[in-house]
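Visitor: Now for the letters of each chain:
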Amino acid sequence: MKMANATATIVRRNRPGTKSKDWCSWQDESFEEMDSTLAVQQFIQQAIRKDVSKVEEILTPPEGQDEGVWKYEHLRQFCMELNGLAVKLQASSECNPDTCTQMTATEQWIFLCAAHKTPKECPAIDYTRHTLDGAACLLNSNKYFPSRVSIKESSVAKLGSVCRRVYRIFSHAYFHHRALFDEYENETHLCRRFTLFVTKYNLMPRDNLIVPILGDQQAAEGESEA
Amino acid sequence: MIEDGSGSQHGGQLGPGSGGLGMVTKQQQDDVGQRPQYSMPGILHFLQTEWARFEMERSQWEVERAELQARIAFLQGERKGQENLKQDLVRRIKMLEFALKQERAKYHKLKYGTDLNPEDLKPPVFDKKDVLRVRMKPPPLKKKTAAERSRQRWETIKADEDRYESQKLKDRERNQRTVSYLYQMRRQRDLNNRTFSPEEPSPVTLFRVRTETDDQVDGEQALTSAANSNAQWRQGRQLLRQYLQEIGYTDTIIDVRSARVRSLLGLQPMAGDAENENQPALVNGEQQPGKRDVQGKSDENEDGMAADDESDERLERKGVKIKVMGNESMAGEDMMDDPETEEALAEFDFLVSESGEGAGEARSHHSSDWEKKDASSNADWSVDQRHISELKEQYKKERKGKKTRPTRSALQAMLANLGSEDDLPELQTGSSSPPQAGENEELEAGVQGGGGLGFPPGSRKPMLGGSDDEEFDGALGLGELAGLTVTNEADPTTYDISTPKEVFRKTWNAKYTLRSHFDGVRALAFHPVEPVLLTASEDNTLKLWNLQKTVPAKKAASLDVEPVYTFRAHVGPVLSLAVSATGEQCFSGGMDATIRCWNIPNSNIDPYDSFDPSVLQDTLVAHTDAVWGLSIHSSKMHLLSCSSDGTVRLWSPGTKSPLLNTFTVDSETGVPTSVDFVRCDPSQLVASYTSSNTYIFDMETGKEVLTLETRQNCDLSGSNQINRVINHPTMPITITAHEDRHIRFFDNNTGKMIHSMVAHLDSVTSLAVDPNGLYLLSGSHDCSIRLWNLDSKTCVQEITSHRKKFDESIHDVAFHPQKPYIASAGADALAKVFV
Chain C
1 MKMANATATI VRRNRPGTKS KDWCSWQDES FEEMDSTLAV QQFIQQAIRK DVSKVEEILT
61 PPEGQDEGVW KYEHLRQFCM ELNGLAVKLQ ASSECNPDTC TQMTATEQWI FLCAAHKTPK
121 ECPAIDYTRH TLDGAACLLN SNKYFPSRVS IKESSVAKLG SVCRRVYRIF SHAYFHHRAL
181 FDEYENETHL CRRFTLFVTK YNLMPRDNLI VPILGDQQAA EGESEA
Chain G
1 MIEDGSGSQH GGQLGPGSGG LGMVTKQQQD DVGQRPQYSM PGILHFLQTE WARFEMERSQ
61 WEVERAELQA RIAFLQGERK GQENLKQDLV RRIKMLEFAL KQERAKYHKL KYGTDLNPED
121 LKPPVFDKKD VLRVRMKPPP LKKKTAAERS RQRWETIKAD EDRYESQKLK DRERNQRTVS
181 YLYQMRRQRD LNNRTFSPEE PSPVTLFRVR TETDDQVDGE QALTSAANSN AQWRQGRQLL
241 RQYLQEIGYT DTIIDVRSAR VRSLLGLQPM AGDAENENQP ALVNGEQQPG KRDVQGKSDE
301 NEDGMAADDE SDERLERKGV KIKVMGNESM AGEDMMDDPE TEEALAEFDF LVSESGEGAG
361 EARSHHSSDW EKKDASSNAD WSVDQRHISE LKEQYKKERK GKKTRPTRSA LQAMLANLGS
421 EDDLPELQTG SSSPPQAGEN EELEAGVQGG GGLGFPPGSR KPMLGGSDDE EFDGALGLGE
481 LAGLTVTNEA DPTTYDISTP KEVFRKTWNA KYTLRSHFDG VRALAFHPVE PVLLTASEDN
541 TLKLWNLQKT VPAKKAASLD VEPVYTFRAH VGPVLSLAVS ATGEQCFSGG MDATIRCWNI
601 PNSNIDPYDS FDPSVLQDTL VAHTDAVWGL SIHSSKMHLL SCSSDGTVRL WSPGTKSPLL
661 NTFTVDSETG VPTSVDFVRC DPSQLVASYT SSNTYIFDME TGKEVLTLET RQNCDLSGSN
721 QINRVINHPT MPITITAHED RHIRFFDNNT GKMIHSMVAH LDSVTSLAVD PNGLYLLSGS
781 HDCSIRLWNL DSKTCVQEIT SHRKKFDESI HDVAFHPQKP YIASAGADAL AKVFV
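Going line by line, the protein sequences match chains C and G.
According to UniProt numbering, the first sequence holds residues 1 to 226 in order.
According to UniProt numbering, the second sequence holds residues 1 to 835 in order.
Just so you know, the hints here were simulated from the structure itself, not pulled from any lab data.
Be careful, since some hints might not be right.
To be verified - Straight line, CA to CA, 16 Å or less: simulated EDC-like cross-link-like pairs of lysine to aspartate or glutamate:
id	chain 1	residue 1	chain 2	residue 2
1	C	K117	G	D560
2	C	K143	G	E67
3	C	K117	G	D645
4	C	K54	C	E67
5	C	K19	G	D645
6	C	K143	G	E562
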């Protein structure tokens, strides 16, 4: 069979000893040939590795892909990559409990950390960590997301609130640690991808997207404000 | 009264006996004190009371005996009934398969105008010329006979039982109570005895009994299938029914029975009104469970189910649809068949959902089946055959393990008592070698029962370090086991869920699923003492897990654990991990070429505590490329690392200049893939390379002292890298895991190969040796982990554990240094812990 041949010729593995430049440097596998239950994740990661800046392409699902799973796997990927931003914030010591005592973006709102029994005014760095940890637990919860190949409608609804919360990490970084944010954004295009993602799938209301990163006009506004 | 009887084996000092005994003691006291004053009437009186007492006890025992016999008959009946139910279901499944084949054939014919291979159209059990009629007609007929057969058998059983029960029908309720009390008493006593007497509680006896019943049932089946005329059955049924009514065995009792069977099967009994509305229970006794099951099924659908189960279920439901549609479109007269069909399938669904989590192996089998089916539209039903047999197996297991648990133990207790009075004490005073004590204690932790039914005895040994283990550390092992029991008691959830498996497992079973990573888990390591482990993932984080902090998972055999801490500092995937011997620190190596030294937070920390920068204690920088391997010395605070920059480095973390030494070889040897200390010689280390070479270095001089003949023994030179090298904890042996599916053993002194074996179906990625050095655990990209007996080099158990992501599946395996846990880490972002 076709599949068997493909796997026989190219073995896609990061064996021990793989140099970091060779990490995942194998020939792309077409989505049809991916027979794994994690095909969507593979597909997304493959697209990201190909060119991280082509966010539209990364967000284009393969034909016939179930939208719930597509959204879910993307959100997993976002949360995973946001670890990188969290590490940056944490390691730079720029964002510590003394400097950023609250999770804020603009002056308008203070975000309460939803990871606790009663939402708490956590310092920004804790908010970031707790939100990512909480998202990791929720997105891996056997109760809401028992499967990665089909997702219940009721659970798809949970994705919106995760998006809302993790977006605040972008906005905090943007408004309070701009240099760091820009450095990260240049490497990963993550905020742009995220903004496009939530807009495309209508996961967040537009006026919540306060980081001006999409579209020239918005971006121009952002620049002038900054 | 009777309660006393049960205790009377140990001494009749209770109840009526106390008078007599008291008298004896009094007289003895008199003996000592003053001259005894024996008088003829006094002696006669004493003898009379004694005799009366013995008589009374005797009659009590007799009553008890009869009750227990009745109980046995009852349980046997239940068993038979369940057996029949199962067969019925299997038969229905076959029918459905057949119906689907027919449907396909029809479709094929309509589409291409030709018949399919006529062999496919052969009905499974019966043959009639008219294909359509065969499809439509026989099912109800067959089903009816099956149903009736089971019903009849039921009645037979009940009749048997009545021989005992009819006389006692009036105080039936009291008896029930008594029996359960007896059982409790006995169990209590058994438990007490078992604590001191290590012999396995009569699994052999029970096993024999079981086989006998099996045979019986089989024989009966043969008989019944030979004579499956409908009329005959009806006649027989009528007769039996009459008989039953004569002896006062009413439908109500039968109802109670069937309800009990259903509850034993785990089906949720509904309110009784459904029964009343229906026709006489005897007639539609088979249909009622169906209704319940449909109900239960829809409930389950709303709940979250494991992924694989869901897909399985979907598959099943497809089947239902086809069948049901076929029926409806074909003939109205067959409508009456539908509830039964649905019922059968619903029951089947119940089995699927119940058993889904049962064994990881079977579970992933399902899913792969499902995938296969998905991939090829021409799915072959033979695949499903396997699926069905698996489910049957699971159902059997499930039923044995769960449903009849208390009754079975009761039965066992009774057997021990009734079979031969001598049996029990004999069993309880077996040899007192620690391993068996261990097993018993373990058994106690799970409910005691006919352990290892149908499994080879002693196959569970590796898990508790059976007799071999114990020779090495007898007392210590027992101490750990005691600890295990305590753990179980402390956590009622754990206790409950694990018990059915404890009784029947032969080796390791998946118990905890660690989900929280977003991408493949590359490495894992246990805490040296606590039931705590760490995982390192490609999602750039490490996580700390406390196995005692579980999330109660609904009707799943395995528990979910949520991480208590997430370590963030690596930029890029974390590839390797090592935990210090004190359990206070851990070290992780990443794609970012750094080694991070962490202070492990308390495992009871609030996961959402505030950020503590002191958790990241230090960062070791010297490598210039991904750090793929770490190894820690158990006594010295020394750490070895190997990196794809081609170097192996020795560190002393926590000191001013932590880098102690660097070891390099010719570049043609490739880069190191894995590194370990030579456990027998504290001055040596062993490192394996992508070129499939393995060297032993002297740590002082930094020079190679020996080249193991790893390369010479590889057939496919070049592509056959070594993925993992480990050293035996007590013997001078190096074990290597190869890309060419082999595991090889080498002598550290000569460098010669001791043994080589094809260990997996795909490349071997990881190895771990248990702390006693008796068992080897290996993980492979073939999705399975295998446990090997290091002595015989044979595979003791294989567990399918993880899914594939690209062509990777299992990245790491580990043994807990003290507790009976093993764990695997997978590319599917999960880690699993087995007990």
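Visitor: Each hint should be assessed against the structure and marked as holding or not.
Guide: We went through each hint and held it up to the structure:
With a C-alpha separation of about 20 Å, the suggested pair C/K117 and G/D560 falls outside the 16 Å cut-off, and the hint is violated. Pair hint C/K143 plus G/E67 does not hold up; C-alpha atoms about 46 Å apart against a cutoff of 16 Å. Between C/K117 and G/D645 the CA atoms are separated by roughly 47 Å; this puts the pair beyond 16 Å, and the hint is violated. About 20 Å separates the Cα atoms of C/K54 and C/E67, which puts this hinted pair outside 16 Å; it is violated.
Restraint check for C/K19 and G/D645: the C-alpha separation of about 7 Å stays at or below 16 Å, so the hint holds. Our distance criterion of 16 Å between C-alpha atoms is met by C/K143 and G/E562, whose separation comes to about 13 Å.
Violation of the numbered hints given earlier is confined to hints 1, 2, 3 and 4; the remaining hints are satisfied by the structure.
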